[in-house]
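Student: Keeping their order, the protein sequence lines are chains A and B.
Okay, so the first sequence: first residue is 1 according to the numbering used here, each after it adds one.
Okay, so the second sequence: first residue is 1001 according to the numbering used here, each after it adds one.
Be a bit skeptical, because a hint or two may be false.
Claimed, not checked - Chain B regions said to be covered by chain A (calculated; three or more residues, Cβ under 8 Å):
1. 1007-1014
2. 1027-1038
3. 1041-1050
What the hints assert, rightly or not - Using C-beta positions, here's what the derived DEER-type ranges look like:
4. B:Ala1018 <-> A:Gly13: 29 to 37 Å
5. A:Gly478 <-> B:Leu1012: 36 to 44 Å
6. A:Pro303 <-> B:Ala1018: 42 to 50 Å
Bear in mind the hints are in silico, worked out from the structure with no lab data behind them.
Ideal placement from N, C-alpha and C gives every residue a C-beta, glycine not left out.
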Amino acid sequence: MTETAIQLGIVGGYMVVAAAIGLVAYRLTDRTAEDYYLASRTFGTVVLLFTTFATLLSAFTFFGGPNLTYSAGPEWILVMGVMDGIIFAVLWYVLGYKQWLVGQHHGYVTLGEMLGDRFGSRPLRGLVAAISLFWLFPYVMLQQKGAGQAIVGLTDGAVPFWVGAGGITLFMIVYVAVSGMRGVAWTDTLQGILMLGLIWAAVAWILSAVGGPTAATARLAETNPEFLALGGGLYTHEYVISTAISIAFGVTMFPQINQRFFVASSEKVLKRTLALWPVLVVLLFVPAFMLGAWAAGLGVTVPENGNVVPAILNEYTAGWFTAVVVAGAMAAMMSSSDSMLLSGASYLTRDLYRPVTDLAEEDPSLPDRASLANRIRRSALAAAVSLGRLLRSDRDRETLLARAGVVVFATLSFVASLYAPGTLVEIGDTAFGGFAQLTLPVLVALYWARTTRWGMYAGVGGAQLFYLASVFLPMVPGSYLGGWSASVVGMALGLVLTVGVSLATDAAPGEDATVYTVSAVDGD
Amino acid sequence: MTARPAGTRRRLERAGWAVGAFVLAAGSIPWSLWRDSTVAAGLPLWLWWHIGWLCLASLGLLAFTRYGWGIGVESGAMVGATTDDAAEATDD
């Protein structure tokens, strides 16, 4: 009991320190949207690297990854290594640098804004934001689930699941509401460095207790010889490739990651960050995921709905150390979630709310031709304009809406986390797949001037419908042609639709392909 | 120099870096060691391959940021050191 109290004290204390940093950042934050959401585009290498990294350091990597290597073998390291270390790094340049240039030039804050402006389309802007918020929901829920499980595991069930999940929910709401991007990034940096250190300390501690890596791996070879042979079981070629592609492409469209493409202070920062990616990935994923695999060989038992990392720590290290690692992991989940909620809030206000209120400025009259279609369009526009006038107000209301949106979103995902089935990796994988459906249409739009508005509607909408059907409708299969996931098939469909429909249609009035033609000089 | 050879050269460079990126991604999974369970220094051999490959990838990306940055992304600008130097001078 006293040990539990000490452990809870450590977790609580860590959270308070993280909150204090948020408050300091708050005092340095201007009350402008650019500063609140993008910290005025001033991030240097270390902060940008770690803030992106810590956002990836979520319950998905921390608890879900080791759980998977514990049950299926350490090949998950390869999946995450290829996806995060290389494919994501390439996209960091191809998509991220391009978005940075375009964003610097035109002052965009969200992906929806960037697309809506180029294609002269509010519906496209709203559609991209709505899709993003939809898939953000399960991923925020995943963090809450992870935190709830962590607290249950740490205290052997003395503290119930809802306390952990609810506590982290409360914490992230307060955090996002007060501090904005600067606070989020600062704590991310602290947490990223700390988690990297803690994971290595944990590996060193456990390995010294069992006689080194050779002994630990020898134990694994006795109990699970299959784990050491590359491939087999869950890990087929198709599974490894489609999971890596789907996650890497999905990550770039996560609101919190995508928004980071707009925040670097200079090109130099993006360059340095790029080269550091693969090394950082090796440093984090190899020890974290090997812990899970070694735990299988060491015969560590994981309680139902529990996680392997706290279990192996409890068995081989001191109680206070387990608490420190769990606190670090919870803080990492919090920093993932608060970044997500912050970006989600900017999507909500800028891409969904503001376009509707801006309609108030519009003239609802259309060319007076009495066709039925025109009459319907006129009434629809008139209705939208009145809605816009009704909601129109100053920016105070928008800020309030952003914060209220965060509270509602986090509360709903908390409630869902209490009931949602599925493992951490399953939930995360599904969300990544949903985001991945956006990536190829966006890439096509950024690089191919012939892309049209209808091509974007078809590519973004079609891929999304297909993927949603594969997730939610039992008659639509989730895997194709011997193991390729629905996510990768949907991505291909999105690409074909975007290009095909663009070729078949002409640019509508209001589209401006030159928006994305920016040179490096513009960017600086 | 006429515009055409310069354009061809740029296209070749772009293709070269694209192939390089593909090779880096494809090779990071040790396909040749599939189903192999050799252990070396406490870790599976295939994992050592992966670790080595990612370090190599880091060097590859570093080389890209030095010599290829801007290719395929910047339009209407010369790819080269001048803009980078300007950024460097004002950075940090």
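Student: A separate judgement is required for each hint: does it hold in the structure or not?
Tutor: We went through each hint and held it up to the structure:
Counting residues of the stretch 1007-1014 of chain B whose C-beta lies closer than 8 Å to any C-beta of chain A gives 0; at least three are required, and the coverage claim is violated. Check result for the stretch 1027-1038 of chain B against chain A: holds, 8 residues qualifying (beta carbon to beta carbon below 8 Å, three or more required). Requiring three or more residues with a Cβ within less than 8 Å of a Cβ of chain A, the coverage given for the stretch 1041-1050 of chain B holds, as 7 such residues are present. A hinted range of 29 to 37 Å is violated for the C-beta pair Ala1018 (chain B) and Gly13 (chain A), which are about 50 Å apart.
Roughly 41 Å separates the CB atoms of Gly478 (chain A) and Leu1012 (chain B), a value that falls within the hinted 36 to 44 Å. Evaluation of the 42 to 50 Å hint for Pro303 (chain A) and Ala1018 (chain B) yields a pass: the beta carbon distance comes to about 48 Å.
In this structure, the earlier hints numbered 1, 4 are contradicted, and the remaining ones agree with it.
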